[in-house]
Amino acid sequence: MNKSGDSTVSGRRSFLGTATLSVLSASALALLSGRDVLAASHAGAMKEAGDVAILNVALGLEHEGINAYTLGAQSGLLQKPVLDIAVRFQSDHKEHRDALAATIRKLGGKPVEEKALGDYAKSLKADTLKNQADVLELAARLELGATNAYLGVLPSFKDAQLAKVAARLAADEVMHWTILNNALGKGLPAGGMPFGA
Amino acid sequence: MQAFSLQAADAVRGKQLYEARCGACHSIDENRAGPAHKGVYGRKAGLAKGFDYSSSVKASKIIWNEKSLDRWLTDPEKLIPGQKMGFSVPDAGDRADLIEFLRTYNARP
Numbered sequence: 001m002n003k004s005g006d007s008t009v010s011g012r013r014s015f016l017g018t019a020t021l022s023v024l025s026a027s028a029l030a031l032l033s034g035r036d037v038l039a040a041s042h043a044g045a046m047k048e049a050g051d052v053a054i055l056n057v058a059l060g061l062e063h064e065g066i067n068a069y070t071l072g073a074q075s076g077l078l079q080k081p082v083l084d085i086a087v088r089f090q091s092d093h094k095e096h097r098d099a100l101a102a103t104i105r106k107l108g109g110k111p112v113e114e115k116a117l118g119d120y121a122k123s124l125k126a127d128t129l130k131n132q133a134d135v136l137e138l139a140a141r142l143e144l145g146a147t148n149a150y151l152g153v154l155p156s157f158k159d160a161q162l163a164k165v166a167a168r169l170a171a172d173e174v175m176h177w178t179i180l181n182n183a184l185g186k187g188l189p190a191g192g193m194p195f196g197a
Numbered sequence: 001m002q003a004f005s006l007q008a009a010d011a012v013r014g015k016q017l018y019e020a021r022c023g024a025c026h027s028i029d030e031n032r033a034g035p036a037h038k039g040v041y042g043r044k045a046g047l048a049k050g051f052d053y054s055s056s057v058k059a060s061k062i063i064w065n066e067k068s069l070d071r072w073l074t075d076p077e078k079l080i081p082g083q084k085m086g087f088s089v090p091d092a093g094d095r096a097d098l099i100e101f102l103r104t105y106n107a108r109p
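Those protein sequences? They're chains A and B, same order as listed. Take 1 as the starting number for the first sequence in my numbering and just add one per residue. Take 1 as the starting number for the second sequence in my numbering and just add one per residue.
These are calculated hints, taken from the structure and not from any lab test. If a hint is listed, it holds; no wrong ones were tucked in.
Below, simulated BS3-like cross-link-like pairs (lysine-lysine); rule was C-alpha separation at most 30 Å, straight line:
1. A:K115 / A:K130
2. B:K38 / B:K49
3. B:K15 / A:K130
4. B:K58 / B:K78
5. A:K158 / B:K67
6. A:K115 / B:K49
7. A:K115 / B:K44
8. B:K58 / A:K106
9. B:K58 / A:K115
10. A:K110 / A:K125
11. B:K49 / A:K110
12. A:K110 / B:K44
13. B:K15 / A:K122
14. B:K61 / A:K158
15. B:K58 / A:K125
16. A:K115 / B:K15
17. A:K164 / B:K78
18. B:K78 / B:K61
19. B:K15 / B:K44
20. A:K80 / A:K122
So here's chain B without its partners, still in its complex pose (with noise of 0.2 Å):
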């Protein structure tokens, strides 16, 4: 019999995906095209210091956590009108692994 299980989301696949997606124009310590995402998990949109967020950003009011990062990834634009991310993340379970790197990088002392 097979059981229904939830998969876990992976940090470990998590930080493979980001490296490979996310580090073209995001650093965890660094602003680059994008904001560093040190810290972000928690954390109000648009508070990367130092960087040039887009005014609808700055104005979200948006708190970054597991379901606003989800639908962040899935379609930045739909979640804040306005911004500048044209790249998405279609697969819900890349989606999670890459939420889980964030939120458990944020957790490290």
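So that you can see chain A by itself, here it is in the shape it has in the complex (with noise of 0.2 Å):
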């Protein structure tokens, strides 16, 4: 937590810089679009069922990731210009959703339905939120947990694409957690490799 008015400017300042020159390089469908051979000769078989809870798993996560956002959005906590980096970061996990859901599909399976807004407000403790840094402070957390789960889930992949398109939606993960971190104050991990241990 960002202990200093100074610091919270220049970590404004460093959020806003920072997401400024961050940009999805693609969209994550277009990153899957190359998957639909492989997906439909593959469908229903046993080996492709494990990536499919997987990428459900994954799924809900995204889903709760959405929702943390709009609950952010709506608490009225958040100010520009970091309500507009929280925008663009629900779209990035909603390109995201949007691509696991597909893939999901594609393989046969049934993507998990997103729950009821409330649920998650309840889950996440959203009545604890008081203020902006309580707002980023549970973003970042949620941006961190979802970079160890799918660092954490890749060996597990049988299908080694669909385990490169998981280590590319962690990269996502850690940009937004490295803006959200830097906005409120922190400094780097100490040491290399902090993700996924």
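Fit chain to chain and form the complex, with the hints in mind.
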């Protein structure tokens, strides 16, 4: 948590500057589009079932992330430019969601459904959010968790191309976490390879 | 002379590991992408209220204890084929600390 007003301002400046440079190189759907043939040819195969299960857990995390940003935006606690960045990050997660759901369907699975916003509010304890820093802390915690989750499931994918997609999704989450962490005025992690350990 | 000693499982470190590795999908009190863990130690698999488990977990009849949790965290799919969790904990010490955290948490009044 940031303790200094000066570092907050500095953090927000850095937040904006970094975010301006952070643009997804391609949509996740485009990223996955090359999977069509493989997905169709393997649909229903047992070896895909495990991958579908992993993708569905990931989809659940994306649903949660999208709703967390909705809760943050609706809280009235986020001010511009932080609000704009939150909306942008939510857009990224919607892109992830759509890509994951499409891939799950192509593999013959049924995408896990989004819960009601109130369910996410309860599980994320949204009623405890009292200021902008609280919202950023929650978002950063979820982005870090998603990063570690994506990295943690990489060895379990039977399909190496899906593992690559998961790694790219993890990279997005790292990008989000880094900017949120900076906005909170926090320093870099100590040492290399802090994620997925 | 160096004495042989077993490293005791560390619930405090287990809590830190839980938050860092499990916290994306799990919490103690609430179902998220994964089921809530309150009361999991000593309980039959697949009984977190309101969580949509795989049919294989629901049918497993496994009781979660030190041994079964260690096997689960080592390789969930090997223990219960058809389950949903793709995450594993390769290090035995990490598993022991995580299990100790879950066990001692459950022992709290």
